[in-house]
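J.: Sequence:
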Amino acid sequence: MSTPPAPNPSPAVVTRFAPSPTGYLHIGGARTALFNWLYAKARGGKFLLRIEDTDRERSTEAAVQAIFDGLNWLGLEADETPIFQFSRVERHREVVEELLQRGGAYRDWMTPEELQVERDAAKAEGRRFRSPWRDRGPDEAMPNRPYAVRFKGPLEGETLVDDLVQGEVRWKNKDLDDLVIARSDGTPTYNFAVVVDDHDMGVTHVIRGDDHLNNAARQSLIYEALGWAKPRFAHIPLIHGPDGAKLSKRHGAQAVGDYAEMGYLPEAMRNYLARLGWAHGDDEIFSDEQAIQWFDIADVGRAPARLDFDKLAHVNGHWMRLADDARLAELTVQALERKGAVADRAETLDRLTRAMPVLKDRAKTLVELADPAAAFVLKQRPLALDDKTLAALDAETRARLQRLLARLQLFKSWDVFALETELKAFAGDEGVGMGKIGPGLRGALAGGSPAPDLAKTLAALGRDESLGRLADALSSDA
RNA sequence: GGUCCCUUCGUCUAUCGGUUAGGACACCAGAUUUUCAAUCUGGGAAGAGGGGUUCGACUCCCCUAGGGACUGCCA
14 MSTPPAPNPS
24 PAVVTRFAPS
34 PTGYLHIGGA
44 RTALFNWLYA
54 KARGGKFLLR
64 IEDTDRERST
74 EAAVQAIFDG
84 LNWLGLEADE
94 TPIFQFSRVE
104 RHREVVEELL
114 QRGGAYRDWM
124 TPEELQVERD
134 AAKAEGRRFR
144 SPWRDRGPDE
154 AMPNRPYAVR
164 FKGPLEGETL
174 VDDLVQGEVR
184 WKNKDLDDLV
194 IARSDGTPTY
204 NFAVVVDDHD
214 MGVTHVIRGD
224 DHLNNAARQS
234 LIYEALGWAK
244 PRFAHIPLIH
254 GPDGAKLSKR
264 HGAQAVGDYA
274 EMGYLPEAMR
284 NYLARLGWAH
294 GDDEIFSDEQ
304 AIQWFDIADV
314 GRAPARLDFD
324 KLAHVNGHWM
334 RLADDARLAE
344 LTVQALERKG
354 AVADRAETLD
364 RLTRAMPVLK
374 DRAKTLVELA
384 DPAAAFVLKQ
394 RPLALDDKTL
404 AALDAETRAR
414 LQRLLARLQL
424 FKSWDVFALE
434 TELKAFAGDE
444 GVGMGKIGPG
454 LRGALAGGSP
464 APDLAKTLAA
474 LGRDESLGRL
484 ADALSSDA
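For what it's worth, the working numbering labels the leading residue of the first sequence as 14, then goes sequentially.
Among the hints, erroneous ones may be present.
[To be verified] Calculated lysine-lysine pairs in the DSS-like style (CA-CA distance at most 27 Å, straight line):
#1 Lys425 - Lys449
#2 Lys437 - Lys425
#3 Lys324 - Lys262
#4 Lys469 - Lys437
#5 Lys401 - Lys437
#6 Lys185 - Lys136
Hint data in this document are derived by calculation from the structure and do not stem from the laboratory.
All chains, full assembly: derive it from the sequences and hints.
T.: Okay, here's the thing in structure tokens:
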């Protein structure tokens, strides 16, 4: 028998993110963590982290670190020290005993072979598998032989999960199996440990992937058998790849670390990920503060969303333009360093910082910023001039640029606006259009690399470097 | 096979019975132009199919089709 979830006795919201440390932090998991974090913040509650490491075979130290690193990068910090599930096995065993005593569970001595046979038979008959030990008396127990403990679920009635995202979902209890809650080695299984831990941690809202929706029914039954108040459940859809299939290796980037490496900013990832499957009217670009103010788990959609890298890049571009120049310069140096493209760190940082106001409008990711956008800034004098530039630098143009050089050497204010005015004035004095000046000057300053408007390029390079490059080009052989 | 979930432009979504079905990304065109971007303006683009309910369905119900999850002594 199931009753609707009891109203929460405690008004304070407690959410948790509970990944198992068997690999990197998946981008889908990151979004789950984000929703938990947002909901907790939105309600003035707490966001907790629990590492589900009860599978000793597959859990690794490196994976634990990857989860911490990923969440840290994303800026999703837990409000309390993370809990390792395995450290709570004693407590889990204790609750298993309690459930056994309450008659809510039973010992099962089936061998793997027997299990296989029974399960196949049940499947063939279209019914749920039930262990024969469910109905055997204590006199049939097999002392000195290891046993698993199974939950003794009701055979009749139905279980209702009033999900915050999926709505009311019902199961007939006869369709729910008696899941193993303790393995024959005494360790607890996931579905049981989760219930005990969520209860003990005071979790009020379980927000997780909808691959757990079926588990919610079984967990719900366990809560009832234990006489515990249930949390509210919210099962959010999984993220799919651009082709609509479940995110997998062939889609490439799955780990949040991949996104950091691709040059996305954490604030952009939060914005994009929040918007994936959730909306607040027509708002597309929003700050953390706005997201927290607007977020409600009930507004999350029920259909799986596909990852769209174009849109991610667009959102990232917005946040790059808003980001601090020194920070972007530092991150760009790091991106360059990963490619082994930094000789003099201090100088590179210095050049990038000065050019950043101009550069950041031109790139959508840090990687783009590092490579095409900033390439002209990082070149060393004297620049190698490409054929196109050489062709533009005919005798007439050289003479003209020589006059420009002389004029700029006397020019005081080296900011974009003033430089732009000065260039136009020069063109006017020369009695020619910018078309007669641009190509040669651009080539001299950028050496054939793509670069911004001329005034911006001059500003980005700085006075000394600009004049030096121009002088270099004019003294080069034709 | 069984149980459960999902289905609005190519993509992310708004709409919560009455709208010319809105926005964003992407795309196309134009503007700008000294390169490449960026930016601005405009444009094309959607309710899976079939039944109901209703004066009126994208919105509610049913069926079908198509996706997906689970069906472990994994989590």
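J.: Each hint needs a verdict: does it hold in this structure or not?
T.: Here's how the hints hold up against the structure:
no.: 1; hint: Lys425 - Lys449; verdict: holds, 24 Å
no.: 2; hint: Lys437 - Lys425; verdict: holds, 16 Å
no.: 3; hint: Lys324 - Lys262; verdict: holds, 21 Å
no.: 4; hint: Lys469 - Lys437; verdict: holds, 14 Å
no.: 5; hint: Lys401 - Lys437; verdict: holds, 23 Å
no.: 6; hint: Lys185 - Lys136; verdict: holds, 17 Å
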